[in-house]
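K.L.:
In the order they appear, the protein sequences are chains A and B. Counting along the first sequence from 1, when you hit position 223 you're at 223 in the numbering used here, and nothing is skipped either side. So the numbering used here is basically just the index in the second sequence, starting at one, shifted up by 340.
Think of the hints as simulated: they come from the structure by calculation, not from any bench. In this text, all values refer to a predicted model and were calculated from it rather than measured experimentally. One should not assume that every hint holds.
Said to hold, decoys possible - SDA-like mimics (lysine to any residue), calculated; alpha carbons at most 25 Å apart, straight line: (1) B:442 / A:231; (2) B:442 / A:205; (3) B:442 / B:381; (4) B:442 / B:431; (5) B:442 / A:95; (6) A:207 / A:294; (7) A:207 / A:95; (8) B:442 / A:155; (9) B:442 / A:180; (10) B:442 / A:288; (11) B:442 / A:294; (12) B:442 / B:363; (13) B:442 / A:182; (14) B:442 / B:390; (15) B:442 / B:388; (16) B:442 / A:289; (17) B:442 / A:122; (18) A:207 / A:152; (19) B:442 / A:157; (20) B:442 / B:380; (21) B:442 / A:253; (22) B:442 / A:113; (23) B:442 / A:202; (24) B:442 / B:394; (25) A:207 / A:315; (26) B:442 / A:216; (27) B:442 / A:123; (28) B:442 / A:49; (29) B:442 / A:286; (30) B:442 / B:420; (31) B:442 / A:117; (32) A:207 / A:138; (33) A:207 / A:288; (34) B:442 / A:210.
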Amino acid sequence: MTSTQDQAAIFNGTAAFKDSRSVDGTDTRTMPAFVLGEELAELAEVDPRIVVLTADLGRSNRSTDFAARHPNRFVNVGIAEKNMITVAAGMAAGGLVPFAATFGSFAALLCAEQIRTDCAYPDLPVRVVGHHSGMSMGFYGTSHHSLEDLAMMRSIADLTVVAATDANHLRALLRLSLEHPHAMYLRLGRGRDPEVYAEVPELVVGKALTLREGTDLTVIATGSEVAPTMQAADDLAARGIEARVVDMWTISPLDRSAVLAAARETGAVLTVEEANVTGGLGSAVAECLLDAGIAPRFRRHGVPDEHVPVGPPAALYAHYRLDGVGIAAVARELLEGNRS
Amino acid sequence: MDLAERARFVRTETVRLTRIAGAGHYSAVFSCAEILAALYHAELRLDPARPDWPDRDRFVMSKGHAAIGLYPLLADLGFFDPTELDSYTRLGSAFGDHPDGKRIPGVDFSSGSLGHGLSVCVGMAWAGRHRGSDHRTWCLLGDGELAEGQVWEAAMSASHYGLGNLVAVVDANQLGIDGFVADVMAAEPIEERFAAFGWDTRRVDGHDLDALLATFAALPARGGTRPQLIVADTIKGKGVARMELSPDWHVGNLVGADYDDVMAELNA
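Okay, chain A solo, but in the shape it has when bound (with noise of 0.2 Å):
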């Protein structure tokens, strides 16, 4: 019993971190998808089920705010990440609705296995959160990184994928999961993605979102190659090419309308994600396409399939032409017929 009220007394002290700087001198407190904890912890408020739980990254991913808050509903099982996602599995078959947070490298790599076998197979409502996913833990190296996530869980039945584009979308992500009904992996980024959406969206699973309309191709973008898209589809405007930009944010189920459409009406799709090309969103989008034997101009844009090398974040997206610039060239190559 004591244990509970130890992590309140600690995390009760976590007040100097708030005001602290990252590494690289960035206010944390302007990390804007880091809402994690602080909407948890409204949503718990109201609803009883809700605990959350980490591995000793409650710092990181910002868990502590919902620590701070509801100190009895939180749970750090120290470095053991394994432990956390099949604890979390015996809560929610306890009735309780679980979120287990940590780095999407150790949530979707490490524990492939018991998110399989302990909560989607068990279709339980455990809501694995992976953050700090794709290359954005830079040059914290490729132990770090979780270019494979979204290959490996959207291969999970009864596992809904989805990717947090923002602070907003985020929000309307916990919101919507908390009646969801399958186990589900959220896959969120390091926590700068700049504000895609002013307003928490109205979210449904397996519909995409429509950000920008365009008939020269379409861009399905997920997660943290959102925003740096809607900057490729302003550069390309400004060239006379108008790009439909997709918020693919639903990987598993994706949004098979959503895609065939793009497809009909644009003629050209280019995917873009911060992940191995080799089974993620451009994998899923282009089965769809040949699976309804349709064969648009198509592109999937990501990191190849190797370890990508050490260098911080924005150079990284530089390097492999994820940032808005890189976006716009390689859609400049689709339509122009060049395959690099």
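With chain A fixed as given, assemble chain B onto it according to the hints.
P.N.:
Same frame as chain A, but now just chain B:
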């Protein structure tokens, strides 16, 4: 209740159902037949009419490959019609080699991947206490399973959270698939290891029903703060001479006269 008869029933049903499948885990069930009979007929707080009763005791068979021995007990208690077991392992059946908690009333969790069950029980026990229920959560593990690292993550967290409502039983039947646990990856000293992780421990002959009942009765009252471990010394394959402590019978199939001989041996 004649618990010895119920343990015999677990064994004979395991032999009968395995013939439907054409292969099965006889010996891993035979080692825990008395444990299962004692738990389900004398210890667990259950109501077969209400399989989702929030205050029921939970039982997670972490060594899920012994599910074939659990199904007949659940049917016998009235969780479902015993004739449903005749579909065992046939296409679309609820009853496979490993238990499906979604489809089988009385099964509290789907298991099968060794090393996960104790973590499940930590979550269940934590949730139960959080909700103010006094139910216990029981976990049945194998001794070979203790080589899985996640078991020790769970063991550490159980004592850290003060889960006195959690009871783990290790069916120490001495054998894995490839040979003796002591040779493949030694699990002993099990009691000392769990004690070092903050558990109360005790050891019992897992085939002695009176000793099992006495051990269950001696557990601290519901509401304690230290997780409880029972190491049950057992014999893999217990009750069938050809299978006892034989590495050749982890999975097997009795056919023809062998089937009849084993049934006769169990019913002797």
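K.L.:
Which of the numbered hints above does this structure break?
P.N.:
1, 7, 10, 11, 16, 23, 25, 26, 29, 32 and 34
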